[in-house]
Structure formats: structure tokens, C-alpha cells
Amino acid sequence: MMVEVPLAALSIQDFEADFLSIGSNDLVQYLTAASRESGQLASLQDPLRLAALGLIRHVVTHASARNIDVSLCGDMAADPRCIPALLATGLRALSLAPAAQAAVRSAIAGFSGELPESASN
616 MMVEVPLAAL SIQDFEADFL SIGSNDLVQY LTAASRESGQ LASLQDPLRL AALGLIRHVV
676 THASARNIDV SLCGDMAADP RCIPALLATG LRALSLAPAA QAAVRSAIAG FSGELPESAS
736 N
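Under this note's numbering, the first residue of the sequence shown is numbered 616, with each subsequent residue one higher.
Do not take every clue at face value.
As the list claims (entries may be wrong) - FRET-style restraints, in silico, Cβ to Cβ:
hint, residue 1, residue 2, range
1, R664, L622, 15 to 25 Å
2, G725, M616, 28 to 38 Å
3, D629, A717, 34 to 44 Å
4, S679, N640, 18 to 28 Å
5, A714, Q628, 31 to 41 Å
Bear in mind the hints are in silico, worked out from the structure with no lab data behind them.
Using N, Cα and C, we set each Cβ at its ideal position, and we do this for glycine too.
Build the full structure now, drawing on both the sequences and the hints.
Structure representation (C-alpha cells):
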């Protein structure tokens, strides 16, 4: 099941699924009600400044309690600066383009287990 809107994330315990995939682009867009195409609203789309991490943690926590695999796709999965925050939510599976794999692997290898300060705003 795709989790792309805040209501789906908040109600995840009400769904039956074999696996979940969090669509980070749509989740952040619907959370902010801001168009991804608007340059004037770009600062609102920063997933590390939003409640998106809380929604991701909520999904991962509820899915893990039911032994349901969760992956994340979209821009966050390929953004090395997001990796520590995503790992801190408990997320362990990412879907990303092959071109981004080296940078993401490096970010994973450097993960200290702490949520970055930039993700707490």
C-alpha cells in the first residue's frame, strides 16, 4: 500500500497490507498544502523542517508492531542529508535511483544513531 497523504499515515493502524511504501514527495506536499512547482514555496517543502518525520515514524512504528515491511521512495530517499533523520525514525528500506546509491550508502555508513539537529526544527 502506498502511504502518500497525512490521513493514511495517521490512520495506518486501520489498514491491512502486506507491505507499505511511503511516498515522500506527495506526503510532504499534502502535509504542507504547497505546490512542488512553486519556487516561492520551496522552503516549505524541506522535509527536515516539517512534521513529515513524525508521520514517517508513526507509520514505521505501527507497521513494525505488525511485522509489516516499510520502504520510502521519493526525493527524501535519495537525499543524503535526510538519511540520518530517516534512519532515526526506524526506517530501514529506501527506494532510490542507482545514481544516488553511493551518496546514500555513505550517509548510512556515517549514521551515529542520533537525530540530526536540523531535523528537530
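**Study point:** Which numbered hints fail
**Key:** none
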